[in-house]
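Colleague: All chains, full assembly: derive it from the sequences and hints.
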Amino acid sequence: MTREEIISKLTPIAEASFQKSGMVLTNDMCAQNVDTWTSLAFMQFLTAIEEQFGFKFKMMELIQIKTMGNIIDAIGSHLS
Amino acid sequence: MTFISEILQPVRESIQRYPDRNAFFIQNVSYTYSQFARRISAIRTVIRSAKADEPVWGLSIQDNLNTYASIFALWMEGKCYVPLHPAWPVDRIEDIKRQVGCSNVLDNCDVPYHGDLLDDWKDCSENDLAYILFTSGSTGVPKGVQLTRSNIAAFMDSFWKTGIRIDENDRCMQVFDLTFDVSVQSYLVALTRGACCYTVPYGQVKYLHAAGLIQEQRITFGAMAPSMLTYLRPYFDELDASSMKACILTAEACPVDLMESWFNCAKNTDIYDFYGPTEATIYCTYYKLTRGGNNLSLNGIISIGKPMANVQAMIIDDAGNSIPENSGASNKGELCIAGAQVTPGYWNNPEKNATSFFEKDGTIYYHTGDLCYWDKSGNIMYSGRIDQQAKIQGFRVELGEIEYHARNFYNKQKRVMAIAFQNDSNLTEIALFVESAQTDTADLIAYLRSKMPGYMIPTRIIFMQEFPLNKSEKVDRNALKQQL
Numbered sequence: 001m002t003r004e005e006i007i008s009k010l011t012p013i014a015e016a017s018f019q020k021s022g023m024v025l026t027n028d029m030c031a032q033n034v035d036t037w038t039s040l041a042f043m044q045f046l047t048a049i050e051e052q053f054g055f056k057f058k059m060m061e062l063i064q065i066k067t068m069g070n071i072i073d074a075i076g077s078h079l080s
Numbered sequence: 001m002t003f004i005s006e007i008l009q010p011v012r013e014s015i016q017r018y019p020d021r022n023a024f025f026i027q028n029v030s031y032t033y034s035q036f037a038r039r040i041s042a043i044r045t046v047i048r049s050a051k052a053d054e055p056v057w058g059l060s061i062q063d064n065l066n067t068y069a070s071i072f073a074l075w076m077e078g079k080c081y082v083p084l085h086p087a088w089p090v091d092r093i094e095d096i097k098r099q100v101g102c103s104n105v106l107d108n109c110d111v112p113y114h115g116d117l118l119d120d121w122k123d124c125s126e127n128d129l130a131y132i133l134f135t136s137g138s139t140g141v142p143k144g145v146q147l148t149r150s151n152i153a154a155f156m157d158s159f160w161k162t163g164i165r166i167d168e169n170d171r172c173m174q175v176f177d178l179t180f181d182v183s184v185q186s187y188l189v190a191l192t193r194g195a196c197c198y199t200v201p202y203g204q205v206k207y208l209h210a211a212g213l214i215q216e217q218r219i220t221f222g223a224m225a226p227s228m229l230t231y232l233r234p235y236f237d238e239l240d241a242s243s244m245k246a247c248i249l250t251a252e253a254c255p256v257d258l259m260e261s262w263f264n265c266a267k268n269t270d271i272y273d274f275y276g277p278t279e280a281t282i283y284c285t286y287y288k289l290t291r292g293g294n295n296l297s298l299n300g301i302i303s304i305g306k307p308m309a310n311v312q313a314m315i316i317d318d319a320g321n322s323i324p325e326n327s328g329a330s331n332k333g334e335l336c337i338a339g340a341q342v343t344p345g346y347w348n349n350p351e352k353n354a355t356s357f358f359e360k361d362g363t364i365y366y367h368t369g370d371l372c373y374w375d376k377s378g379n380i381m382y383s384g385r386i387d388q389q390a391k392i393q394g395f396r397v398e399l400g401e402i403e404y405h406a407r408n409f410y411n412k413q414k415r416v417m418a419i420a421f422q423n424d425s426n427l428t429e430i431a432l433f434v435e436s437a438q439t440d441t442a443d444l445i446a447y448l449r450s451k452m453p454g455y456m457i458p459t460r461i462i463f464m465q466e467f468p469l470n471k472s473e474k475v476d477r478n479a480l481k482q483q484l
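Same order as they appear, the protein sequences are chains H and V. Going letter by letter, the first sequence gives residues 1 to 80 in the working numbering. Going letter by letter, the second sequence gives residues 1 to 484 in the working numbering.
The hints are simulated quantities; they were obtained by calculation from the structure and are not laboratory data. Treat each hint with caution, since some may be false.
To be verified - SDA-like cross-link-like pairs, simulated, lysine to any residue; straight-line CA separation at most 25 Å:
1. V/K332 with V/I316
2. V/K332 with V/K481
3. H/K66 with V/Q217
4. H/K66 with V/F395
Stated by the list, open to error - Computed Cβ-Cβ distance ranges for the label pairs, DEER-style:
5. H/T47 with V/A446: 25 to 33 Å
6. H/N27 with V/Q27: 15 to 23 Å
7. V/S327 with H/K58: 45 to 53 Å
8. H/K56 with V/E168: 35 to 43 Å
9. H/A48 with V/K288: 36 to 44 Å
10. V/A446 with H/Q32: 15 to 23 Å
11. V/S34 with H/T47: 41 to 49 Å
Since this is a predicted model, take the numbers as computed values, not measurements. Beta carbons: idealized from backbone N, C-alpha and C, even for Gly.
Modeller: In structure tokens:
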């Protein structure tokens, strides 16, 4: 799956989790610049990603994830 | 037992005994006690040179050394701080500043160091204020809880009498916003014992950052909200928390099954459930859980235990009579707290003070609003709220404040109801019901965000043509809640 395909599949998940319509995912999106990026929303986001893409995140990789770019990279590495 | 003997002197001793040991670990940078002391001294010069000699100072809270040093600089100068969160709406910050009448705000006070100013503490009364914390107010206006220097001294004395031991070798975690009083416990426990305080930055997913600190920095002690552990629970089998020797769960009801899982993960940890409203200085009762034991619980929630050393607890019935201790589950009532930790009252709010405090046999008690009973063992069992208050990630939220702002958004033309509910993961969320045809919610959310902190924003908005009514012809909150 290409990065563009991941973003395309991830966008509606992000919109639902962060309760924002019309999101354009960028690498630098994070809790500091997305006001609805709360612990609860992030947990829902992770759960939805795991269901949609069919894998489980490891805690140690989640600890390193700070931005949307990190998440896209992590999904890519799970699918490769 | 004074503010100096319990806080200022022990912190100065930490600085003198352990100048080269780490006082803080903030955003992957360590700062020694010597560096901490220099920042305190530098900031004291700023406070002394302020044009307006006001007793209350605003403190823009940030995750950096200057913010923590500012607290001690203010205390050594005999001042009181009011934490102001940069992420709060401007209206809220300005309202708080106006309420307390402060024009001075310390904001990452990175001024040059001109020499040691650690001694020569300004003479103060123990009744002078140390900090004012603003909590959600049901009338739409945040209310300021005043805590005196003697309140905090009494708290620290109570804390150490619980038997928790911290020394200079400990690594203590500080996960809470400085607008929230558990942060005060978190940094004071570390700094008064020469330990290192590891902070969780703002603008992060806290539970993941905390997990990283626990595992990578080998944290030995920390206070957390149970919801943080709920988020981490799916990863307990991957988390190495063996370094933790004591862990406090606080700020929310503490589920017994979660604690059993946490015991399995944190294999060397003593677990404590601490309870307390801000008005009684951080914590006022506690229960030490037994590993593998039969821990006291009610409806799956751990007991809040017994009063701390400087606290008197009383449970009163509807007529205001004290319910005898050990009288069991059939005698529920409101938990009321007295003693040296109880606030002298809300800032400039005589109406609220008149309803929140009362005198009985010469002692002033605070109405907690928590429905409790005395277990036969003498422990206190928590059974829910009497009023419309919820806890979101440990933060107190008056549902009335959300309703107030939502009603204003609709120019008082629509009825609204805020309801707290437990989601599938057993985490508390807030839903806002609006008596109206379905409309777009973006403007409403944006308006609420301009008035309240993020944790107060409802996660669900539900439109109904007509609200259900109960037999008293009032909106039936229970019926609304059942729809969630």
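Colleague: Against each hint, give a clear statement of whether it holds in the structure.
Modeller: Structure-based check of each hint:
no.	hint	result
1	V/K332 with V/I316	holds (8 Å)
2	V/K332 with V/K481	holds (24 Å)
3	H/K66 with V/Q217	holds (18 Å)
4	H/K66 with V/F395	holds (24 Å)
5	H/T47 with V/A446: 25 to 33 Å	holds (27 Å)
6	H/N27 with V/Q27: 15 to 23 Å	holds (21 Å)
7	V/S327 with H/K58: 45 to 53 Å	holds (50 Å)
8	H/K56 with V/E168: 35 to 43 Å	holds (40 Å)
9	H/A48 with V/K288: 36 to 44 Å	holds (39 Å)
10	V/A446 with H/Q32: 15 to 23 Å	holds (19 Å)
11	V/S34 with H/T47: 41 to 49 Å	holds (46 Å)
Figure legend: structure checked against the earlier numbered hints; every hint is met.
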